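Undergrad: Quick mapping for you: the protein sequence lines, in order, are chains R and H.
Heads up: take any position in the first sequence, counting from 1, add 9, and you land on the working numbering.
Heads up: take any position in the second sequence, counting from 1, add 9, and you land on the working numbering.
These are computed hints drawn from the structure, not numbers from a lab.
Small disclaimer: the values here were computed from a predicted structure and weren't measured.
Positions of the beta carbon are idealized from the N, C-alpha and C atoms, including for glycine.
Among the clues, some could well be false.
What the hints assert, rightly or not - Listed next, with one range per pair, are the computed distances between beta-carbon atoms:
{"no.": "1", "chain 1": "R", "residue 1": "160", "chain 2": "H", "residue 2": "156", "range": "43 to 49 Å"}
{"no.": "2", "chain 1": "H", "residue 1": "117", "chain 2": "R", "residue 2": "79", "range": "52 to 58 Å"}
{"no.": "3", "chain 1": "R", "residue 1": "130", "chain 2": "H", "residue 2": "130", "range": "50 to 56 Å"}
{"no.": "4", "chain 1": "R", "residue 1": "148", "chain 2": "H", "residue 2": "67", "range": "24 to 30 Å"}
{"no.": "5", "chain 1": "H", "residue 1": "130", "chain 2": "R", "residue 2": "21", "range": "25 to 31 Å"}
{"no.": "6", "chain 1": "H", "residue 1": "155", "chain 2": "R", "residue 2": "11", "range": "38 to 44 Å"}
{"no.": "7", "chain 1": "R", "residue 1": "73", "chain 2": "H", "residue 2": "154", "range": "27 to 33 Å"}
{"no.": "8", "chain 1": "R", "residue 1": "117", "chain 2": "H", "residue 2": "61", "range": "24 to 30 Å"}
2 protein chains.
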Amino acid sequence: MKTALILIGCPEAPSQTPLTLYTSYKLTQMGYNVTIVANPAATKLLEVSDPENHYFNNELDIEKALADLSENSYDLFLGLVHKDAAASYFVTFYHILKTKSIALIFEKDADLLEEYVNIINENTDAEMVVARVFHNPIPLKVKLDKVLKNL
Amino acid sequence: MKTALILIGCPEAPSQTPLTLYTSYKLTQMGYNVTIVANPAATKLLEVSDPENHYFNNELDIEKALADLSENSYDLFLGLVHKDAAASYFVTFYHILKTKSIALIFEKDADLLEEYVNIINENTDAEMVVARVFHNPIPLKVKLDKVLKNL
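Could you put together the complete structure from these sequences and hints?
TA: Laid out in structure tokens, this is it:
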């Protein structure tokens, strides 16, 4: 079975949890065994959202993941980037996993959005899905759907 | 079948969508037919979070609801309050529906939290579930579980 790792950041953005559940759902439908790696606060939001685990099953703590992962642990790596810290984590995981990688970059401030795009662009060869959003998840969802269709 | 209406506010708080899905899930398990009333932005976040509609089925636009609802349209009214506007909407719906009502009040700022509690307290006889939270949904979830158990 194909495997995918979804990395999520701090839970400040209201659209992060919805987009994570949706991405996990879509990848599972595409035949991936999905693991979500997150800090405890972000993990709690996922668990409260999906009490019967219809959309995700496997969670991994971010610090534990950094210690355990290695090259090609996953067939696909997908990260949600909407903070500096999330961009740094994405770059770190990218260079550990060395696998097909997609960054979902979203932020309501145009300058910050450009900054995150630059960090990912300069430090990785990951595919980028970029949208200027805060609490409307639809622009990113539409772009993500297109990228996943071409996987 | 018993019916419940869940009112949610603007989607700025990262825990609002998770708590809404959880509340809808719990009430459905308790035998309620649940309807969620929200503005379009908050509705989109719910739809993206739950693509297969495991946790909610019925949505109602907030303006349409105000025009259509009347006394005892629902057996239970539950509202998420984390903004002035949400507090005002709660009070309005409370006086239209005149039914068993619960306000879930959450906010990270202690002064604002007190302000919302005062609005609900002075203008309704609703039961209140109050927690000082922003992106950790667990304190409110624990208190909500206790209140629902005693319904």
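Undergrad: Which numbered hints does this structure break?
TA: Violated hint (a single one): 2; every other hint is consistent with the structure.
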